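> Chains as they are written, first to last, in this note's numbering: chain A, 62 to 487; chain Y, 338 to 750.
Hints in this document: simulated from the structure, not taken from any laboratory. Bear in mind the structure is a predicted one, so any value in this text is a computation, not a measurement. Among the hints, a few may not be true.
Unchecked claim - Simulated pairs of lysine to aspartate or glutamate, EDC-like, Cα-Cα distance not exceeding 20 angstroms: (1) A/Lys204 / A/Asp188; (2) A/Lys306 / A/Glu403; (3) Y/Lys679 / A/Glu146; (4) Y/Lys679 / A/Glu143; (5) A/Lys461 / A/Glu414; (6) Y/Lys647 / A/Glu240; (7) Y/Lys451 / A/Asp360; (8) A/Lys256 / A/Asp294; (9) Y/Lys458 / A/Asp360; (10) Y/Lys618 / A/Glu103; (11) Y/Lys647 / A/Asp194; (12) Y/Lys479 / Y/Glu498; (13) Y/Lys511 / Y/Asp574; (14) A/Lys361 / Y/Glu619; (15) Y/Lys647 / A/Asp215; (16) A/Lys82 / Y/Asp357; (17) A/Lys260 / A/Glu94; (18) Y/Lys471 / A/Asp215; (19) A/Lys466 / A/Asp389; (20) A/Lys121 / A/Asp241; (21) Y/Lys516 / Y/Glu619; (22) A/Lys66 / Y/Glu433; (23) A/Lys461 / Y/Glu404; (24) A/Lys72 / Y/Asp403; (25) A/Lys262 / A/Asp313; (26) A/Lys107 / Y/Glu683; (27) Y/Lys679 / A/Glu103; (28) A/Lys138 / Y/Glu619; (29) A/Lys361 / Y/Asp370; (30) A/Lys72 / Y/Glu433; (31) A/Lys212 / Y/Glu554; (32) A/Lys213 / A/Asp313; (33) A/Lys213 / Y/Glu683; (34) Y/Lys458 / A/Glu397; (35) A/Lys270 / Y/Asp574; (36) A/Lys270 / Y/Asp690; (37) Y/Lys718 / Y/Glu689; (38) A/Lys66 / Y/Glu683; (39) A/Lys461 / Y/Asp403.
Okay, here's what each chain looks like letter by letter:
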Amino acid sequence: MLNRKIAPPIKDAVEFELSLKPYDKYVLKNGVEVYAVNAGAEEVIKVEWVFWGGNWYEEKNMVASATNFLLKNGTSKKNAFEVNEHFDYYGASLSRACYNETSAINLHSLTKHLGVLLPVVRELLTDAIFPDDELQLFKQNSKQRLEVNLKKNDFVANRLIDEYLFGFDHPYGRYSRFEDLAALSREEIIAFYEKYYKKGKCIVFVAGKLPANLYELMEGNFGDLPLHATQPDPIIHKAYSAVEKKYRVSNDPGGVQGAIRIARHFPNRHHPDFYGVQVLNALFGGFFGARLMNNIREDKGYTYGIYSYLQNHIHQSAWLVSTEAGRDVCEATIAEVYKEMELLRTELVDEEELLLVRNYLMGTILGDLDGPFHIIGRWKNIILNGLTEDFFYQTIQTIKHISAKELQVLANKYLVPEDFYELVVV
Amino acid sequence: MIHFSRFVLSNGLRVLVHEDASTPMAVVNVLYDVGARDEDPSRTGFAHLFEHLMFGGSINIPEYDDELQKAGGENNAYTTNDLTNYYCQLPTANIETAFWLESDRMLSLAFSKKSLEVQRKVVCEEFKEHYINKPYGDVWFKMREMAYERHPYRWMTIGKELSHIENASLNDVKSFFFKHYTPNNAILVVAGNIVAEQVYELSEKWFGSIPAGIKYERNIVQEVSQDAPVRMDITADVPVDAFLKTWHMPSRMDPRYYAVDLITDILGSGASSRLYQAMVKEQQLFTNIDCYHYGSTDAGLICIDGKLVKGVSPEAAEAAVNQLLDLFKAEGVSVSELEKVKNKTESTMAFEDMSVMNRAASLAYYELLGDANLMNTELSKYHEVSADEILRESRIIFNENNSHTLYYRAGKK
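Just chain A, with the same shape it has in the complex (with noise of 0.2 angstroms):
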């Protein structure tokens, strides 16, 4: 008879001996590194262009983001339709994006079509123009979307956050705001072209089922051009932590809900902490089964969800607790996660608790190598970042090995009440 109270045995994932399948590496004759995950059965691949033309390049606000976006809006030889027209016709897809140090432009295709999509990728990194009509369209829906997203607290929390955390002259700080939209210019934005990305230092990540002269066409769409012809100087950004650290800001006098982030500063990937408090933040919120979404939202109700994560950048990293909850229950969920931690910093998790989390987080890592994408992007990451495939493997060891105790040093050490910001918009 089937005894249904029982569960049926389990393999401890922490049993898994999981390896990163390595990459691929070329380098074009003009010193621009590919790196390549031959992998996949569908006939599909992925291309990124990685350039270090995110705003922690830019003097003026929205510089970077304004150029990232309308790199692909004409040429001398194409009008934005066209641009477009070409890869929507053979199905493929090219978006861009623009982070703080980085900027990218992303291609999926059909691995048959890549042959005749390079070149015209090629033509927005050598000839793109930034037509003036584009650049104030750009603008016009700019600010519209603005007055719109300006409506939701959630996103006003996340710029208040930030702010407050890095100042708003810190790139990690800063945000879109009505004024540095309409100063942008055309020229500003063709220079930012000019020296990040027509001359700037590029990657390339390419991941899916490659076709087999993949080098010979990206060699000879981009291995002539004089990317890495200026390297960016350093430059260093000194963050203006805000002194006051309790905020309530009143954004939607009827709304229903409040938005709430709760954040501090944490060092960055490099940091031996790092390891262990990935660990503790999958305990205190970093998924679904975490203490902070079994306490605020499964017993109490407060809220839909509620997680905490780490926002990491290459520089410095923060580390935040992001919630939207029922405005009468605002300051009581803010309550709850204080208790959290301090649960956290005075009592030892118990093992069957800590193995709950490295299974979940083992199993994570392991659906996650499922497929070249996800493979890239976890190359990509140890790559952007300056570190080595030696991050992979210290991650794996800390999930398996680390102790309640040294959890609980950790938690002692950053779950500190007096070192979060905290706020409240409503």
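We have chain A; now place chain Y onto it with these hints.
The following block gives chain Y in isolation, referenced to the frame of chain A:
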């Protein structure tokens, strides 16, 4: 080509197996043939509330999530107006844990008062977070009520109003469960590094003894053909005007569906689509505009949706959209434009099929529609769509008498 095998247990549970030895993971996907359309109009939001309750403990297992996470697994679920889908992924070595968990909640939930109370609150917060506390959060509540007079697609999956969830009683919840969450109303898909025989044994072991329920006979009132336009003009506390217009379209299993799906791509998908190029770039009437559809099991809606540039009136925006549609209805699609959207479909499908989890969900969905093998024949159906069909469908659908128009004006209510 997606390979799979299929068998049915004596209690009516349909089981599909998709073997893929390249992944270390296994996916267990349970689709229940119940969605918001199966709800009582005075008790809406139940299928979705159940999505939450299904994680609140089953008859023999107090904590679904803990047990799965111990086994290195992750899970989630979603509810639509047509169906509810639960899926988890875990290391293949621990696949039996998923059978244990999923079979126990199919057997019976724990129906704890505490779980119901908490999940009611959680769903209410979800309702507020997504539909009340957000600008434009209520547009689809309004649009569904305009577009459907009789069909239960009239309400959103989250429910028609907060009070329906707030007032849900344990008895209501129990009767909904035993009506819909039965083996004969479910499809189990197991995918990943497993073999079919193993799945057969595990299915018999864990699901075989669950009694078949009374077969639920769906009896939904369908819409009758609409003979006059429906319009609504409202003002809300939002920063810019929005425009939303929908038209009835054929159901997911109608052969006409494929042409309609391509029409939405021609009009609204991507930066080279007709609406984006004309409305955002050339005429600068909209800051963004999309065309998409709800390809639901019963007849759905095709939609054009965008926000207006300040100073542009909804009347002017609508006139421009109508003009574009008139041209489309007059001239149809060019050969290369049709080729473009077919290429896009091929590409989208290839990207979707990359993950075992998506493949499992697709197999379950096509099985629900009547035949899992549809997954392998879909692309050819898109390839067969001709320019003439596109023209014919656009003329049938984009008919003012078949439309619902919502002007959503910025201002104080």
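> Each hint: holds or not?
Here is how each hint holds up against the structure:
1. A/Lys204 / A/Asp188: violated (27 angstroms)
2. A/Lys306 / A/Glu403: holds (19 angstroms)
3. Y/Lys679 / A/Glu146: holds (14 angstroms)
4. Y/Lys679 / A/Glu143: Cα-Cα ~18 angstroms, so holds.
5. A/Lys461 / A/Glu414: Holds, at about 13 angstroms.
6. Y/Lys647 / A/Glu240: holds (18 angstroms)
7. Y/Lys451 / A/Asp360: Holds, because 8 angstroms separates the two Cα atoms, which is no more than 20 angstroms.
8. A/Lys256 / A/Asp294: holds (11 angstroms)
9. Y/Lys458 / A/Asp360: Holds, at about 10 angstroms.
10. Y/Lys618 / A/Glu103: Roughly 35 angstroms separates the two Cα atoms, so the pair is violated.
11. Y/Lys647 / A/Asp194: holds (18 angstroms)
12. Y/Lys479 / Y/Glu498: Holds, at about 12 angstroms.
13. Y/Lys511 / Y/Asp574: Distance of about 40 angstroms is beyond 20 angstroms: violated.
14. A/Lys361 / Y/Glu619: violated (52 angstroms)
15. Y/Lys647 / A/Asp215: violated (24 angstroms)
16. A/Lys82 / Y/Asp357: holds (18 angstroms)
17. A/Lys260 / A/Glu94: The hint holds at about 15 angstroms.
18. Y/Lys471 / A/Asp215: Status holds; Cα separation ~10 angstroms.
19. A/Lys466 / A/Asp389: violated (37 angstroms)
20. A/Lys121 / A/Asp241: Distance ~8 angstroms between lysine 121 of chain A and aspartate 241 of chain A Cα, so the pair holds.
21. Y/Lys516 / Y/Glu619: violated (54 angstroms)
22. A/Lys66 / Y/Glu433: holds (14 angstroms)
23. A/Lys461 / Y/Glu404: holds (18 angstroms)
24. A/Lys72 / Y/Asp403: With Cα atoms ~15 angstroms apart, lysine 72 of chain A and aspartate 403 of chain Y stay inside 20 angstroms; holds.
25. A/Lys262 / A/Asp313: violated (43 angstroms)
26. A/Lys107 / Y/Glu683: holds (16 angstroms)
27. Y/Lys679 / A/Glu103: holds (18 angstroms)
28. A/Lys138 / Y/Glu619: Holds, at roughly 19 angstroms.
29. A/Lys361 / Y/Asp370: Roughly 31 angstroms between the alpha carbons, so the hint for lysine 361 of chain A and aspartate 370 of chain Y is violated.
30. A/Lys72 / Y/Glu433: holds (11 angstroms)
31. A/Lys212 / Y/Glu554: violated (45 angstroms)
32. A/Lys213 / A/Asp313: Measuring from Cα to Cα gives roughly 8 angstroms; hence the hint holds.
33. A/Lys213 / Y/Glu683: Cα-Cα ~37 angstroms, so violated.
34. Y/Lys458 / A/Glu397: Since the Cα atoms of lysine 458 of chain Y and glutamate 397 of chain A sit roughly 17 angstroms apart, the hinted pair holds (cutoff 20 angstroms).
35. A/Lys270 / Y/Asp574: violated (49 angstroms)
36. A/Lys270 / Y/Asp690: holds (14 angstroms)
37. Y/Lys718 / Y/Glu689: Measuring from Cα to Cα gives roughly 17 angstroms; hence the hint holds.
38. A/Lys66 / Y/Glu683: violated (46 angstroms)
39. A/Lys461 / Y/Asp403: It holds: about 18 angstroms lies between the C-alpha atoms, which stays within 20 angstroms.
In this structure, the earlier hints numbered 1, 10, 13, 14, 15, 19, 21, 25, 29, 31, 33, 35, 38 are contradicted, and the remaining ones agree with it.
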